[in-house]
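Asks: Residues per chain are reported as follows:
Protein chains: 2
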Amino acid sequence: MVDFMKRALELGWEALVAQEVPVGCVFTIDTKIVAESRNTVNETHNPTRHAEINCIDQVLDHCKANNIDYKEYFKNIVVYVTVEPCIMCAAALNNLHIKEVIYGCANDRFGGKTVLDVSKFYDHNYDVTGNVLADEAMALLKQFYKGANPNAPESKAKK
Amino acid sequence: MVDFMKRALELGWEALVAQEVPVGCVFTIDTKIVAESRNTVNETHNPTRHAEINCIDQVLDHCKANNIDYKEYFKNIVVYVTVEPCIMCAAALNNLHIKEVIYGCANDRFGGKTVLDVSKFYDHNYDVTGNVLADEAMALLKQFYKGANPNAPESKAKK
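Residue numbers (the numbering used here), protein chains in the order written: chain A, 1 to 159; chain B, 160 to 318.
Check the hints yourself; a few may be wrong.
[Said to hold, decoys possible] No farther apart than 20 Å at their CA atoms in a straight line, the calculated lysine to any residue pairs in the SDA-like style are these: (1) A:Lys71 to B:Gln178; (2) A:Lys99 to B:Asn205; (3) A:Lys113 to B:Arg268; (4) A:Lys75 to B:Lys301.
[Unchecked claim] Which residues of chain A face chain B? A few of them, derived with a C-beta cut under 10 Å, are: (5) Phe74; (6) Val78; (7) Ala92.
[Unchecked claim] So the derived label-pair ranges between C-beta atoms look like this: (8) A:Lys71 to B:Arg268: 14 to 20 Å; (9) A:Val17 to B:Asp294: 51 to 57 Å; (10) B:Met160 to A:Lys146: 43 to 49 Å; (11) A:Asp61 to B:Met297: 33 to 39 Å; (12) B:Gln217 to A:Lys64: 17 to 23 Å; (13) A:Val17 to B:Lys305: 35 to 41 Å.
It should be emphasised that the hints constitute simulated quantities derived from the structure, not laboratory data. All residues carry an ideal CB built from backbone N, CA and C; glycine is no exception.
Starting from the given sequences, assemble the full structure and let the hints guide the process.
Replies: Right, here's the structure in full:
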C-alpha cells in the first residue's frame, strides 16, 4: 500500500516540476499498477484533467484496446491518490463503481468525501481511507503554493 | 432561450436514436451557440462523456486553436441542457466559472443542484434555472427507459 502511494507521490513531484498543482495518482488491481498519472490542468489548458480523470481515461483506453468489459474491470480497481479526490472526481469514481480510494491529505476545499460526501448519492460506494503519507502530500502542495501557478493564481489548495 | 433549449432537445433526440441516455446540451454566448453535444457514454464506452463534458472539451479546443483565454471565455457562457447537470458535471461547470445553467427536467438521482448543491462549495456560483421545456426533456428519458440501454440496464434516470 505504501509503495503505491510513494509512486503517486513521485507523480505529484513530476507535476510540481511541471508547474502543475502537485497531485499524483495510481490505479491498481491486486499488486499491479494499471494506470498512473498526475494533474495536467495547466499543460492541457483543461481544468477537468485531474490525475484521477487521466487515469480513468487510461483504463478505458486499455479496456477498449483489449476488448475488456470496463464495468467489470473498474470494480477491482483501488485508487491511490496523494490528495483526496475533488467532488467532480469522486462523482466520476462513484459512477464507475471502483473498489476503493486511498488518499494522502484531505482536500479542504473540494473534497468529495470530507467536504461533501458525494458517495451517499450513489448506490454502490467505495471504501475510503485517508491520511496515508499525508505529510508528504501536503508538503508538495505547500511547495507549490509558495511558488506561482501561472494559470490559477487565485486558487489556493485547489486541485 | 426557448430556441436554445429546443436545439438541446434535438440533440437529446439524436442521443435517443443512438441508444444513449437522451441528454442534449448547447453552450451559448449572447445569441450564438458556441458548442453543442449530446451524451456519448455508450458510443465512447466512457461513462464521463456526458453532454456537458463534451461541450466543455469543444470550447477548450476552440480556445486553444484560436489562442483565446478559456477562463475569460467560460465566464460568458450560458449552458442549456435538457436534464439538470449531475454532480460531476456541476462540479466541472463550477470549476470553470460559467455564467449560467438553464435546464429542462431535474435529475432526481444525481442532480448537482437539487439532490446535492455542489455550488455552495465554490467561490464563484452560476445562476441556475430549471423547468424549461421540462416535459419534453422528461418524455425523452421515459422513451429511453421504455427501451433497453445495452450498457446500463440497471441504471434508471441515470445520466
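Asks: Each hint should be assessed against the structure and marked as holding or not.
Replies: Against the structure, the hints come out as follows:
1. Under the criterion of a C-alpha separation no larger than 20 Å, the hint pairing Lys71 of chain A with Gln178 of chain B is consistent with the structure, at around 18 Å.
2. Restraint check for Lys99 of chain A and Asn205 of chain B: satisfied, since their Cα atoms lie roughly 18 Å apart, inside the 20 Å limit.
3. Annotation: proposed proximity of Lys113 of chain A to Arg268 of chain B holds, straight-line Cα distance about 18 Å (limit 20 Å).
4. Restraint check: the Cα-Cα separation between Lys75 of chain A and Lys301 of chain B comes to about 29 Å, which exceeds 20 Å; the hinted pair is violated.
5. Annotation: interface hint on Phe74 of chain A holds; nearest CB of chain B at approximately 9 Å, less than 10 Å.
6. For Val78 of chain A, the suggested interface contact is broken, since its CB lies about 18 Å from the closest CB of chain B, more than 10 Å.
7. Interface restraint check: Ala92 of chain A against chain B, minimum CB-CB distance 5 Å, threshold 10 Å, status holds.
8. In this structure the supplied range 14 to 20 Å holds for Lys71 of chain A paired with Arg268 of chain B, their Cβ-Cβ distance being about 18 Å.
9. Take Val17 of chain A and Asp294 of chain B: their Cβ atoms lie about 53 Å apart, and the range 51 to 57 Å holds.
10. For Met160 of chain B and Lys146 of chain A, the hinted distance range of 43 to 49 Å is satisfied, since their beta carbons lie about 46 Å from each other.
11. Here the CB-CB span from Asp61 of chain A to Met297 of chain B is close to 35 Å, well matched to the stated 33 to 39 Å.
12. The hinted window of 17 to 23 Å between Gln217 of chain B and Lys64 of chain A holds, with their beta carbons roughly 22 Å apart.
13. In this structure the hint that Val17 of chain A and Lys305 of chain B lie 35 to 41 Å apart at CB is violated, the actual value being about 53 Å.
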